[in-house]
Amino acid sequence: MQKIHDRLDGYEPGQLKGKFNVIFVIVSIALVLIAMRLWYLQVIRGSELRQRSENNSVRLRKIKPMRGLIMDDGRRVIVDNQPSFDLVFIPNRTKDVQKTLDRLRTLYAERSLSFPPLASSFTGKLKPFVPVIIERNISREKLAVVETHSLELPGVFVEVSPIRQYLNGEMTAQVIGFTGEVSREDVDRNGVGQFTPGDIIGKFGIEKFLDPYLRGKSGAEQVEVNVAGKEVRSLGMVPSVQGDNVILTLDAALQEAAWKAIGERPGALVALDPRSGAILALVSSPSFDPNLFNGGISASDWESLATDRRHPMENRAISGQYPPGSTYKPIVAVAALEEGLITPETTFYCNGSFEMGNRTFRCWNPKGHGQVNLHRAIVESCDVYFYNLGRLLGPDKIATYARAFGLGDPLGIDLAREKGGLVPTRQWKLARFREPWQPGESISISIGQGFNLLTPLQLAHVYATLGNGGTLYRPRLVKQLESTEGRVVKVFKPEKMGTLPIRPQTIQMINQALWGVVNERGGTGSALRRKEADVCGKTGTAQVIGLPQEEKIRKAKRTAADYRDHALFACFAPYGNPEIAVAVILENAGHGGSAAGPVARKVIDAYFAQKKTTTPGVGEVAIVEGIN
Amino acid sequence: MIKLDRRLIINFDWTLFVLVLLLSIIGLLNIYSAGFSITDLRQTPYYLRQIQSILVGVAGMALAFFVDYRFLGRHAYVIYLLSIVLLAIVFMSGYATRGSQRWIVVAGFTFQPSELVKLTLILALAKYFDRNRLGRSWRLRELWVPFLIVLIPFLFILRQPDLGTGLILMILFLSFIFFVGLEWKSFFMASTGGLVLVPLFWYLLKDYQKERILTFFSPERDPLGSGYHIIQSMIAVGSGGFFGKGFLKGSQTQLKFLPEQRTDFIFSVFAEEWGFLGGMVLIFMFLSLILWGLKIVIHSKDYLGALVAFGITMLIFWEVFINIGMVLGILPVVGIPLPFLSYGGSSMVVLMTAIGLLMNISVRRYILQS
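Here the protein sequences come in this chain order: V and H. Reading the first sequence from the start, the letters are residues 1 to 628 in this note's numbering. Reading the second sequence from the start, the letters are residues 1 to 370 in this note's numbering.
Hints were generated in silico from the structure; no laboratory data involved. Even glycine gets a Cβ: it sits at the ideal position worked out from N, Cα and C. Just so you know, not all the hints are guaranteed correct.
[Unchecked claim] Anything over 10 Å on all C-beta distances counts as not near chain V; from chain H, calculated:
1. I26
2. L82
3. L328
[Stated by the list, open to error] Some chain H residues near chain V, calculated using beta-carbon distances under 8 Å:
4. F179
5. Y228
6. I235
7. A236
8. S239
9. F242
10. G246
11. A271
12. F276
13. I283
14. M285
15. L287
16. I290
17. I298
Construct the complete structure from the given sequences, taking the supplied hints into account.
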């Protein structure tokens, strides 16, 4: 009883004595059971099991699955698989490591094949049981040498595994991405069974985004091996399952046209189908060769890619954020019309400059455009007209309409790292800089300068939406997934994000002006004029740094290449019922009309040239629809 | 909250500390051996990472030692809820990536909340049973709150899916029930109810789920998966014989016949290289650890301390028994690590922290007396 009072809260383990006995018995039985089992396995069956371990000839061989193929809209294969022959060496399968390696070296030398540098120095580090890779992805000649002389090369094996082949290389690199060996972190994190070291997974782009579908499922085979480690027979196997094929919305021909048109210049191009949001081409330049990543990228290749000042690994089309320049003007015009601040007939006088407080904002044309209405202002890209709109609207009203077009947030394309751009407001300025909005900043943003930022994808999206009359479709790259047998696994349908809260006549008015930019006299986009289809578009020239306007004109020829203007062009075609919308941004390339326009033109030309050859098909569809 | 007391040092539980440290060092040698034949020089070797885990674990141990466990008891529900939130985050992100996911990233380290839940569940159940003392055995319907406490994390973990950890949570719950006592009538009701529900449950399952459960209980159904693992594991253990093949000399290990040899099957690496002798030493060490834990339960000065210490001791006991039983082929293959020996940071850190708590309870029996 004395003891109970010592306890702080009346707890007396003495009451639990019986329970502790039971627990003690359970623990003892459990551990004695284990000890007995250990005795049984190690002592009673010890010599037998040791024999089995020495003759252990049953191995579990993992069968790597084939990744799914990636194809374009027309079923042209963009990513294929091909076998890679890896030369593997298992040291304890030969009596004399050096002799075997020397033999291989001599055989190579006789045929003047290069011997990989690795093999000459690695003998010191070898551990007897462990296979080491002498060379990955060996050539056919080397394969023939090793196979025909296999008896002279004990311990040298050829292992076959599928690797990716990126047929379009640099052209589609940022969209497709690449694969690589699963990292140890991934293996650890995902626990037992999900991955094993050596598995191939998508690391970037579509390869990463759709990895769970593309990857497939590993199989396994129990094989009996002889003393030399050669497989004698199969004892049973679970076949691997090939990953699903991915059909993209991309059109490889347009992609190629766009890639070639951009050439070596840094920039990006996005082509969309305004009727569905399907991405027809998405190019980012400069690019990289995804085939370098097959079988592990070499350290020097990686180094040069990662440190390249031009950032070839960045997908500029979705994560590059640029000031839109004059391509932003239609949005400002929409805002002014919808807010009732102007009518299509409202005119402003442009004498080449605009006064605001003590600052002077210049029009791109120092001579001025005279008395202009909205239509002429868009066609001739008159800055002063839009300065007036900016002053009337202020940032918040412009922002409302910009956001309605889907700017300011990522659009949700099927790729990682999409940026959302920036739509400035008074509140944003205050939160970001702790300074109130300056009236002059409204003037800058009215022509797409200042704080405004958008991605090439967003630019194409804005023009696609204008073109189709105001329906917002989520841009998408993937059309559907199919099993290897051709069964459709999953369809990615066009997704409506909403409708522009704008009167149809406003959109029509803007589109007429965009038609005028290309097709009327004095329009800034005349480079795009073509007979087959009415192209509607807008040029843009965006300052890279905020040089004061007057200085800019004087210094234009002398500025260093890095500070030259970005050239932009955005368009859709044909007028009225557009099938394609294109946005081009070329970094530091100068004027939109002369630099970016021709690039867009080549893609539009490629689109309509291709359409011409496939027109009968379209006709047939129309007839079927007529019957229904 | 933290009160540095001279008596914390004087009465420090050296037995517990040395035992756990020895076990971790044995584990380290084992992981070194299991990873010995990996030639990939680009990545940190496993044993170095395990050293990191042990160091973080010792820090966790120190923290759990110095904070009065009654303080932890007071906040047990909050701690429990936080760990559930972590589980939910893992669940959501797993959903987002369309795959199973068990980890989250905390300050650059990946962490499995399911390991943490083992400890927070012990704290929450201990607090519940400390607060609600009946002075008699419990009836079935009175147990719905503690059942809910275990059910929430259990369902999350089952969805991951991680059958092993889910199983451990349920066994911990049953151990607690045993500790606080269940009425005989309730016991019979629960067992007959369980027996009736099993076939009903089976009837509701889909074919592929049935197949999975059958494989789970008889590995021969899946000769390429767990069946192969068990056979190779038994060959490895048996071939060790009485004295073992010696450090770094286990051919089953070095030739990679053994699956998951760093993690769940680490005991077979040990048994192959150190033989029956080594195996018995290890089992004896675990037995000492468990008995020492039960001693702390008996000597703890309050009910909360007794409950927490009991929960932790049972956690270690069941994990040891199920893991080794699985490796030796007498229990089905479920993913449960061997305490202090298996490779894996989350398990190591959580168990070390749990040991810190045990020491805490052990040392405070001297302090609380006054």
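Right, here's what the structure says about each hint:
1. Taking the minimum C-beta to C-beta distance to chain V, about 16 Å, the non-interface status of H:I26 holds against the 10 Å cut.
2. The claim that H:L82 is not at the interface with chain V holds, since no C-beta of that chain comes within 10 Å of its own (minimum 21 Å).
3. At the 10 Å boundary, the C-beta of H:L328 falls inside the reach of chain V, the nearest C-beta of that chain being 5 Å off.
4. The interface hint given for H:F179 holds, since its Cβ lies 7 Å from the closest Cβ of chain V, which is under the 8 Å cut-off.
5. Satisfaction of the interface hint for H:Y228 is found here, the shortest Cβ-Cβ separation to chain V being roughly 5 Å, below the 8 Å cut-off.
6. For the restraint placing H:I235 at the interface with chain V, the shortest Cβ-Cβ distance is roughly 5 Å, inside the 8 Å limit, so the hint holds.
7. Evaluation of the H:A236 hint against chain V yields a held restraint, the C-beta minimum of about 7 Å falling below 8 Å.
8. Look at H:S239: its Cβ gets to within about 4 Å of chain V, closer than 8 Å, so that hint holds up.
9. At a threshold of 8 Å, the smallest CB-CB gap from H:F242 to chain V is about 6 Å, leaving the interface hint in force.
10. Interface hint at H:G246: violated, since its Cβ lies 13 Å from the closest Cβ of chain V, which is beyond the 8 Å cut-off.
11. For H:A271, the interface hint holds, since its Cβ comes within 8 Å of a Cβ in chain V; the closest pair sits about 7 Å apart.
12. Checking H:F276 against chain V: minimum C-beta separation of about 4 Å stays under 8 Å; hint holds.
13. For H:I283, the shortest C-beta to C-beta distance to chain V is roughly 6 Å, which falls under 8 Å, so the interface hint holds.
14. Given hint, H:M285 at the interface with chain V, is violated; its Cβ is 11 Å from that chain's nearest Cβ, farther than 8 Å.
15. Among the interface hints, the one on H:L287 holds; its C-beta lies about 5 Å from the nearest C-beta in chain V, closer than the 8 Å criterion.
16. Against a cut-off of 8 Å between C-beta atoms, the interface hint on H:I290 holds, since the closest Cβ of chain V lies about 6 Å away.
17. A hinted interface residue such as H:I298 counts as satisfied when its beta carbon comes closer than 8 Å to some beta carbon of chain V; here the least separation is about 5 Å, so the hint holds.
Taken one by one, the earlier hints fail for this structure at numbers 3, 10 and 14, listed in ascending order.
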